[in-house]
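Please model the entire structure based on the sequences and the hints provided.
Protein chains in written order, with the numbering used here: chain R, 11 to 414; chain W, 1362 to 1971.
No lab work stands behind these hints: they were computed from the structure.
Heads up, none of these hints are tricks.
Derived DEER-like restraints, expressed as beta-carbon distance ranges: (1) W:Pro-1372 with R:Glu-98: 56 to 62 Å; (2) R:Pro-353 with W:Glu-1822: 20 to 26 Å; (3) W:Ser-1585 with R:Glu-27: 54 to 60 Å; (4) R:Gly-94 with W:Leu-1826: 43 to 49 Å; (5) W:Ala-1871 with R:Val-356: 34 to 40 Å; (6) R:Val-356 with W:Arg-1954: 28 to 34 Å; (7) R:Ser-82 with W:Asn-1590: 40 to 46 Å; (8) W:Ser-1678 with R:Thr-213: 41 to 47 Å; (9) R:Pro-353 with W:Lys-1875: 21 to 27 Å.
Glycine is no exception: its CB is placed at the ideal position from the N, C-alpha and C atoms.
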Amino acid sequence: MFQYRLKAVVLAGGKGERLRPLTDCVPKSMVRIVGKPVIDYVLEGLRKLPLDEVIIVLSHKKLAKYVEEKWSNIIPVTTIYQKGEGIEGAVLTAKELLGKQMFMLAYGDIVISPKAYVRTLETHINSGADASILLSPKLDVESYGIAYVSENKIVNVKEKPLPEKAESTLAIAGVFVLPPMFLDYVEEYGFTDALNILAEKITMAPCFWEDWWVDIGYPWDILKANEYVLKDLKYSQISSNAVISSKAVIEGPVIIDDDAEICHYAVIKGPIYIGKGSFIGDHCLIRRFASIEENTIVGAFSEVKYSSIQPNVTISSHSYIGDSVVGENSVIGPNTVTLNILPSGVKVSRLHPIRIRGKMVTKLGAIIGCNVYIGANNVLYAGSVIESNTRTSPHTIITHKESP
Amino acid sequence: MCGIVGVTCLPGKLETPAKIIRKCLERLEYRGYDSVGLASVFKNRIIVRKGKGKINEVHRRLNFDGVPGNTVIGHTRWATHGAPSDNNAHPHLDCGNVVAIVHNGIIKNYLELKKKLILKGHVFRSETDTEVVAHLIEEHLSKGLDPYKAFKEAIKEIKGSYAIAAILVSEPDKIFFAKKDSPLIIGVGEGFNFVASDIPAFLDYTRRIIVIRDHEVGYITPTSIFIENLLKEEPVDIGRRFRIISWTAEMAVKAGYPHYMLKEIHEQPRALRETINGLSSEIDEAAKMIIEARRVFIAAAGTSFHAGLVLDYYLNSIAGIPSIPLIASEYSKYSKSVKPGDLLVAISQSGETIDTLMAVREFKKRGAKILAISNVIDSAIPRESHLTVYTRAGPEIGVAATKTFTTQVVVELAITLKIAEENGLLSKSEVHRLKSQLEHVPKIVEKTIMKYEAYVNNIAEIIHLKKSMYYLGRGLGVPIAMEGALKLKEIAYIHAEAYPAGESKHGPIALIEKDFPVLFVVLNDENSENILGNITEMKARNALTIGLIPENFREFEEVLDYSVKMPMHNYILAPITYTPILQLLAYYTAVKRGYDPDKPRNLAKTVTVE
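This is the structure we're talking about:
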């Protein structure tokens, strides 16, 4: 007599334009955050729910292959290639598979605690509302969907309002429970207006999220996500297969994965992550929210802080990488330095000044694409972007942008 | 708000159903806790045990667990119609003791129905709106309708909001239910079924549920469930409505909020509106008491004391009446001079605060009149007072007071405006204008919270690493600053000190060093120029400055590191509009520090020991 039908759709398609050049060779949902692709954070949340089917709308073969290999034994996943453009196209791709039932909708580029997914469904069921959306305060209203709540109901939704016009700062955190009619409205009116029609016609309940979450939109969002995930580390996890010199200094919570190697006199100051098979040379300094993904080499005497080094990267000796993102398969020549303080007055979406010794500064290093080769003795200015497949000569000074 | 629950089971399927209902009621206590009761059908009669007080107190008196029967309903009450008393506690019975009812919600047309029923000879035993339902069912039964039909007809006659559960002697294994605008959920078991106001109530017994929707009625038996839509008169296909809760649902009771405190901060627009709408003739009587008093003392503790300081400001600077605010536990210093003709205004959310109660007793003994402001109808302080004005904030569960503070201020402002009108300090049109501004306050608070939640969260990101903080204000800004500092101490465990900004130079500024956080409460009043000077002097010492400022105070914005721009309104409304921002700041700071804001260490919601 039991019928329990709830399907989920994960929106993991699209090109990830804002995340370029990192998305040149991997889809957005495959970018690594502390040892896992972004999609894992979404699916780890959804696996806690009683779901019949998890439909993943995607555009990349790599992602389809990964999900099928890693997840199909754990949850009932179906992958489907996105048909139309934009979020509407993505949602409507799943329309037929969803049928006429209430469903969950999750953005495929959100890094958040699994509890958020549980809380949204739980709130939805208990409130008896017709739809529910997870909301959380965010300063940069101009880059999110923003909901206004009155009397514990969502009254309206605005897509990326101008900060001076925004009436609310409660951002849509990418987890929804929606009725099937939503799909019809999306078809006719588009995504945001469909939500507004729901808000008018039925009861749409807010579910509040007070803790951190990151929407991976821009390259620097990766750094923020690393920071939050690593901040939550309560204790160290060091694989018994890791090779760590007795002369290395390891402080604070760290994750050191299988077969990683840490050489003599390296100083590791957590919270940090060192991925599978990575190599940290003699006298390196790895500190403060650095996340070094698998099979990466950091040469002797180099420093890495508050940066994301994607898999299979080589950072040669005597380099300084700070507040930067390095894409897959790139090589950084010896003595390379990233500068990391943006000139005052430069405003970057979702990047906020921090107070250091009484001064407000905005920190951002370099954004380096995939398969890049940086020659020896390069200096990369703060905020510089190196396109994928670029090669630079020794002694180059990169002030703004470098393409192949 | 009240909580209801019911269970019906096959004999022996559940051990002592009454005890189970008592446990369920404990889970529902957040919905109200001024009286409690349960009823069961046993051997052709209805057994009722109910009384005023918290569940454990009443249980000790009446032994709920000893009630026999396999069909039991229970209720935990938060008084709206009729004070908390043994008689007004649910369940309610009809004249012939064949129907028992529990109800959550408000029946709007109950007076009209009650009159009709009295004319037909029904005898009412309580002052509640709920009791009419029992008599209505009895009335329809006497016309020869079968029990379920009679129940349905009764539901059709009532207007308002309700979640109702009923048991009848003639149907010993059924619980009838109906829902509109108040929550009701069925818990589906094997050989037993539950109805309750929320899921956590029965989560220890079953995880299979059906959420009842508006206008649905029906009944449960130990082995079956029937639901139909009252408007369409057609049965609901319950097969499609089952849900499984596969996790702990502690969250569920907080209506989508991670903590009661955040819920209660967000509930303020509603609490304020209900308090404003509920203002009645008591305000006029309270104003009269204050005008006629020889001297006015104000006693309270904690957050209520800050509300007391707001009243002190209002009386002195708007109503032209001097007053003496005192911290309740220090009453003995003042009470020796108290004489007949004096008045004590006692402010207590719970109405049970022991320090304030002791002050009330002492002042009363010496001949003073007592005016109470409280959120809990007929609690100890109101009972011992000559007059009570109630706030309508609803139950407050978070230990740190939020919505009860802002609603206390609404009541104080209403009294002050009445006095100022009476003694001519404000013209009729000025009073009218201020009253209409007060009407808009709930919306202002809602908009301010919506607009600044993210910004405040961002400030909390910086504050949460600090060890110490100052909150400064002038005039009416001082009690607001004090309340902000208290919130930060209470839940985020950061040392916070509030004092009038002018005092800085006389000592505290010595502690200022680079990045020491100082928060300024800047009002649109005569003090703004002086406070700008205070900000500059803090800035000159490299303090981290945060300000709550009126939105067009540009020169402040330029000086401050962080400014929260409050909408322009008369400054006397500031305790209501500014405080929610400070509550949010404390809340997000506590969360970032990893503390549970609902359960601050070493603190209790109601302090009942001296």
